[in-house]
Amino acid sequence: SQQGEEDPQALSIQEGENATMNCSYKTSINNLQWYRQNSGRGLVHLILIRSNEREKHSGRLRVTLDTSKKSSSLLITASRAADTASYFCATEDGGFKTIFGAGTRLFVKA
Amino acid sequence: EPEVTQTPSHQVTQMGQEVILRCVPISNHLYFYWYRQILGQKVEFLVSFYNNEISEKSEIFDDQFSVERPDGSNFTLKIRSTKLEDSAMYFCASSEMVAGLIEQYFGPGTRLTVT
Chain A
8 SQQGEEDPQA LSIQEGENAT MNCSYKTSIN NLQWYRQNSG RGLVHLILIR SNEREKHSGR
68 LRVTLDTSKK SSSLLITASR AADTASYFCA TEDGGFKTIF GAGTRLFVKA
Chain B
385 EPEVTQTPSH QVTQMGQEVI LRCVPISNHL YFYWYRQILG QKVEFLVSFY NNEISEKSEI
445 FDDQFSVERP DGSNFTLKIR STKLEDSAMY FCASSEMVAG LIEQYFGPGT RLTVT
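The listed protein sequences derive, respectively, from chains A and B.
Numbering-wise, the first sequence is residues 8 to 117 according to the numbering used here.
Numbering-wise, the second sequence is residues 385 to 499 according to the numbering used here.
There's no promise every hint is true.
Stated by the list, open to error - In the SDA-like style, the derived pairs of lysine to any residue whose C-alpha atoms are separated by at most 25 Å in a straight line are: (1) LYS467(B) with LEU55(A); (2) LYS426(B) with ASN29(A); (3) LYS104(A) with GLU443(B); (4) LYS426(B) with GLY23(A); (5) LYS426(B) with THR74(A); (6) LYS462(B) with SER393(B); (7) LYS104(A) with GLN398(B); (8) LYS63(A) with GLU480(B); (9) LYS462(B) with LYS63(A); (10) LYS467(B) with GLY47(A); (11) LYS104(A) with GLN401(B); (12) LYS33(A) with PRO386(B); (13) LYS426(B) with LEU55(A); (14) LYS77(A) with GLN425(B); (15) LYS104(A) with GLY400(B); (16) LYS426(B) with PHE114(A); (17) LYS77(A) with THR27(A); (18) LYS104(A) with SER411(B).
Said to hold, decoys possible - Residues from chain B shown here face chain A by an in silico Cβ test under 8 Å; the list is partial: (19) LYS426; (20) PHE429; (21) GLU437; (22) SER439; (23) GLU440; (24) GLN488; (25) PHE490; (26) GLY491; (27) PRO492; (28) GLY493.
Calculated from the structure, these hints are not laboratory results.
Here the structure is a predicted model, which means the values were calculated and not measured.
Beta carbons: idealized from backbone N, C-alpha and C, even for Gly.
Make the full structure from the sequences, and use the hints.
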């Protein structure tokens, strides 16, 4: 089974619109993290939400976590062309391993 | 701002050759990781390293792979006999505490091409 599956796989929106990406996972987690990856580049950590938290904000980012449904969402408000990237959720179960999902490719049209 | 660095940025090697990918983690970090990303696919965990030993490894990290912290600054990933399917981006990461309690900082990656 796969941990951390995002949907949609791809999302295309206009600049200024909000973008919502979802992530589902299968096992118990300590926390869930969201990362961004620009094409051909490394991963940039965006936000970490712990299993006892339900919502977290950072600038234009809002992350929610529903442990009963084993799901999380990442909302980017007032999107910009520079937000164009792939977004990954990643889970950690208390060990030394972080498991990434397949990612959502976001394209923001100027 | 401190950052994780990786060298080389691109490595081309022939099948069967040994390669060493190098990483310099952030200086006060204690936990080190290698991940790989085959083109167009998800980022896959390979191995974590703490206190000079492997903490956890995935099924991908077989006997062809090894990691080492040869000195106080470098963290290396060695592939003994490369295969075509080892072609991927390899990312190094480090963190102050165990992953999950605090964010991991990723390097820019090394693109490995096996021909």
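Hint check results:
Between LYS467(B) and LEU55(A) the alpha-carbon distance is near 35 Å, which puts this suggested pair outside the 25 Å criterion. Taken as a hint, the LYS426(B) and ASN29(A) pair is honoured in the structure, with Cα atoms around 16 Å apart against an allowance of 25 Å. With a CA separation close to 12 Å, the supplied pair LYS104(A) and GLU443(B) stays within the 25 Å bound. For a cut-off of 25 Å, the pair hint linking LYS426(B) to GLY23(A) is broken: about 28 Å separates their Cα positions.
Distance restraint check for LYS426(B) and THR74(A): the Cα-Cα separation of roughly 23 Å lies within the 25 Å cut-off, and the hinted pair is therefore satisfied. Distance hint between LYS462(B) and SER393(B) is fulfilled; the C-alpha atoms sit about 15 Å from each other, no more than 25 Å. Taking the CA atoms of LYS104(A) and GLN398(B), the gap is about 30 Å. The hint is violated against a cut of 25 Å. The straight-line distance between the Cα atoms of LYS63(A) and GLU480(B) is roughly 22 Å, inside the 25 Å bound, and the hint therefore holds.
This hinted pair does not check out: LYS462(B) and LYS63(A) have alpha carbons roughly 39 Å apart, beyond 25 Å. Distance hint between LYS467(B) and GLY47(A) is fulfilled; the C-alpha atoms sit about 22 Å from each other, no more than 25 Å. A threshold of 25 Å between alpha carbons decides the hint, and for LYS104(A) with GLN401(B) the separation of about 28 Å lies outside it, so the pair is violated. Using a Cα cut-off of 25 Å, the hinted pair LYS33(A) and PRO386(B) is violated, with the two alpha carbons roughly 34 Å apart.
Of the supplied pair hints, the one linking LYS426(B) and LEU55(A) holds, its CA atoms being roughly 19 Å apart against a limit of 25 Å. Between LYS77(A) and GLN425(B) the alpha-carbon distance is near 23 Å, which keeps this suggested pair within the 25 Å criterion. A C-alpha spacing of about 29 Å is found between LYS104(A) and GLY400(B), which places the hinted pair above 25 Å, so the restraint is violated. Restraint check for LYS426(B) and PHE114(A): the C-alpha separation of about 18 Å stays at or below 25 Å, so the hint holds.
Restraint check for LYS77(A) and THR27(A): satisfied, since their Cα atoms lie roughly 17 Å apart, inside the 25 Å limit. Our distance criterion of 25 Å between C-alpha atoms is met by LYS104(A) and SER411(B), whose separation comes to about 21 Å. Evaluation of the LYS426(B) hint against chain A yields a held restraint, the C-beta minimum of about 5 Å falling below 8 Å. The restraint placing PHE429(B) at the interface with chain A holds, with a minimum CB-CB distance near 5 Å, inside the 8 Å limit.
This hint is violated: GLU437(B) has a C-beta 11 Å from the nearest C-beta of chain A, more than the 8 Å allowed. The beta carbon of SER439(B) is positioned within 8 Å of a beta carbon in chain A (closest approach about 4 Å), and the interface hint is therefore held. Residue-level restraint check for GLU440(B) holds (minimum Cβ-Cβ distance to chain A is 4 Å; threshold 8 Å). For GLN488(B), the shortest C-beta to C-beta distance to chain A is roughly 7 Å, which falls under 8 Å, so the interface hint holds.
Interface hint status for PHE490(B): upheld, as the beta-carbon distance to the closest one in chain A is roughly 4 Å, under 8 Å. Checking GLY491(B) against chain A by beta carbon gives a least distance of about 6 Å; that is within 8 Å, so the hint holds. For PRO492(B), the suggested interface contact is upheld, since its CB lies about 4 Å from the closest CB of chain A, less than 8 Å. Given the 8 Å rule on beta carbons, the hint for GLY493(B) holds: about 5 Å separates it from the nearest Cβ of chain A.
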